[in-house]
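Chains A and B supply the protein sequences, listed in that same order. Numbered per my numbering, the first sequence spans residues 1 to 212. Numbered per my numbering, the second sequence spans residues 1 to 212.
One or more hints might be untrue.
Same chains, same label: a pair holds when it works inside one copy or across any pair of copies.
[Stated by the list, open to error] Computed list of lysine to any residue pairs in SDA-like fashion (alpha-carbon distance at most 25 Å, straight line):
hint, residue 1, residue 2
1, K151, E99
2, K62, R131
3, K155, D137
4, K155, L173
5, K62, A119
6, K155, R131
7, K155, R176
8, K174, D153
9, K151, R176
10, K151, D106
No lab work stands behind these hints, which were simulated from the structure alone.
Number of protein chains: 2
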Amino acid sequence: MPLSPIIEAFVLHFGEMGSHWGINRTVGQIYALLYVSDRPLPADEIAETLGFSRSNVSMGLKELQSWRLVRLQHLPGDRREHFSTPDDIWQIVRALAEERRRREIDPTLTVLRDLLMEAPRSEADRLAQRRLAEMHDLIELLMRWSEDVQKLDNKDLVQLLRLGGRVVALLELKNRLPLLGRGKAGRSRPETTEADALAGADADDNNDTDRE
Amino acid sequence: MPLSPIIEAFVLHFGEMGSHWGINRTVGQIYALLYVSDRPLPADEIAETLGFSRSNVSMGLKELQSWRLVRLQHLPGDRREHFSTPDDIWQIVRALAEERRRREIDPTLTVLRDLLMEAPRSEADRLAQRRLAEMHDLIELLMRWSEDVQKLDNKDLVQLLRLGGRVVALLELKNRLPLLGRGKAGRSRPETTEADALAGADADDNNDTDRE
DNA sequence: CTTGGATTTCAGAAATTACTGAAAGTTCAG
DNA sequence: CTGAACTTTCAGTAATTTCTGAAATCCAAG
Chain A
1 MPLSPIIEAF VLHFGEMGSH WGINRTVGQI YALLYVSDRP LPADEIAETL GFSRSNVSMG
61 LKELQSWRLV RLQHLPGDRR EHFSTPDDIW QIVRALAEER RRREIDPTLT VLRDLLMEAP
121 RSEADRLAQR RLAEMHDLIE LLMRWSEDVQ KLDNKDLVQL LRLGGRVVAL LELKNRLPLL
181 GRGKAGRSRP ETTEADALAG ADADDNNDTD RE
Chain B
1 MPLSPIIEAF VLHFGEMGSH WGINRTVGQI YALLYVSDRP LPADEIAETL GFSRSNVSMG
61 LKELQSWRLV RLQHLPGDRR EHFSTPDDIW QIVRALAEER RRREIDPTLT VLRDLLMEAP
121 RSEADRLAQR RLAEMHDLIE LLMRWSEDVQ KLDNKDLVQL LRLGGRVVAL LELKNRLPLL
181 GRGKAGRSRP ETTEADALAG ADADDNNDTD RE
C-alpha cells in the first residue's frame with residue numbers, strides 16, 4: 001500500500017535527519033513510519049511499504065528496540081509480531097536521553113576519570129589533565145541535571161521549560177530569601193565544588209589551578 | 001613529535017565518540033588534540049602528530065571552523081595558520097547547540113510546519129498530522145527553552161543546573177504566591193497554548209484533538 | 001514429535017563516506 | 001613581478017557501513 005504524500009515526506013525527512021545523528025537512514029524511516037501510523041505494524045508490512053528487504057527491517061527493529069523506542073506486541077489472531085511507538089512523546093525524549101547517557105556519556109566519563117588518575121609525565125600532560133577535568137565536570141553537571149529533571153512528571157517539566165530563562169528571576173528570589181532554600185532541598189555543607197570553578201571560567205581564566 | 005599516552009588515549013576516544021554523533025573520526029581527533037594542546041597548532045603539525053594527510057586535516061579544520069569550534073590565529077614570525085579551541089568550555093556547548101539548531105532543528109520544524117499546512121486526504125493523514133503537530137510543539141518548546149537558557153551567563157547557568165529537579169520546589173512556591181510572579185516576568189494573558197496539551201499527554205491521551 | 005509461518009543470522013554485494021596525493025590556488029617578502 | 005611557503009581543491013582509491021537473499025533458527029499448533 002503506497003504512502004500518502006504527507007507521510008512519505010515525513011518519513012524521508014526523518015530518515016535523512018537520522019543520518020546526521022548517528023542513526024542510519026533505514027532505522028530513521030522505520031521509526032518515522034511507526035510514529036505516524038495509526039496501528040501497530042508487522043515487519044513485513046514495513047518492509048513492503050518502505051521498499052527495504054525483510055532482513056533489513058528486522059535489523060532496524062532490533063536496534064530500535066534496544067533503544068527502547070519501539071515496543072513489540074501481539075495482535076489476536078495474528079502470529080506475526082507488531083511494532084509501535086509509545087504514545088507519550090515525552091517517553092521518546094526520556095528514552096533517548098537515558099540510552100545516550102548509558103552508551104556514550106558514561107563510558108566517556110569513565111575514560112576521563114581514568115586518565116585523570118594517571119600520573120602526568122610532563123607539563124603538557126598537566127595542562128591536558130586540567131582540560132580533561134573541566135570537560136569531565138561539565139559533562140557530569142549536565143548529566144546530573146538531566147537525570148534529575150527527567151524524574152519530573154510531564155506537567156512540571158513543561159512548566160519548567162516554558163519558564164525558560166525567566167527561571168533566573170526565581171533563583172534570585174531564592175538567593176534573596178535564603179530561609180526558603182533550606183527546607184526540603186537544603187544541604188548545609190558549603191556548596192563549593194567543581195561546578196563553581198566551571199562557572200568562573202569566563203570571568204577570570206586563570207583561577208582553575210586548584211585541581212591536579 | 002609523538003603524543004603522551006594520556007593525550008593519545010583522549011584523542012582516540014574522542015574520535016570514536018565523534019563517529020556516534022555524526023562527526024567523523026578525523027574531525028573528532030583533530031578537535032580533541034587542539035582541546036588539550038597548550039598552544040595553537042599549525043595544520044602540518046596536526047597532520048604529522050595524528051598521522052593524517054595534510055589535505056585531510058585541512059578539510060577537518062574547515063569543518064570545525066564551520067561549527068565555530070576552533071578559531072584561527074596568526075602567530076608573529078610564522079606565516080602558517082594556527083588553530084585553537086576557545087578557552088571557555090561553555091562556549092563549546094553554546095556553539096554546538098546553536099549550530100545543531102540552525103542546521104538540523106530549524107529545517108525540521110519547517111518541514112513539519114509545511115506538512116501541517118497540507119490538506120489531509122484520509123483519516124490516516126489526519127492522525128499523522130496530529131502526531132506531527134505533537135512533535136513540532138515538543139521540539140519548539142525544547143528549542144525555545146534552550147535558546148533562552150543560553151543567554152544566561154555562566155554563573156546563572158551553573159547555579160540553575162546544580163539546582164536540578166529541585167527547581168520544582170521554587171515553581172510551586174511561585175505558584176502559591178502569585179503576586180511574586182507578576183513582576184518582571186509577568187505576562188498577563190492566560191497561558192494556554194500548545195504546551196499545555198503536551199503536558200497532558202500522559203494524564204489523558206485523548207484531549208489533543210484541538211489542533212487540525 | 002512434525003510442520004509451516006515467522007524471524008534472525010550472516011556472508012557477500014552495493015552504496016556511501018573518508019582519505020590521499022597531485023595539482024592548482026593564494027599570499028606575501030624581496 | 002617572482003617565487004617560496006603555505007593552503008585548498010578534487011579526482012581517484014581505500015575503508016567502512018548498509019543492505020540483501022539464502023539459509024538457519026525459532027516457535028506455536030496440530
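request  = Would you list, in rising numerical order, the hints stated earlier that this structure does not obey?
outcome  = The structure conflicts with hint 5 only, although it agrees with all the remaining ones.
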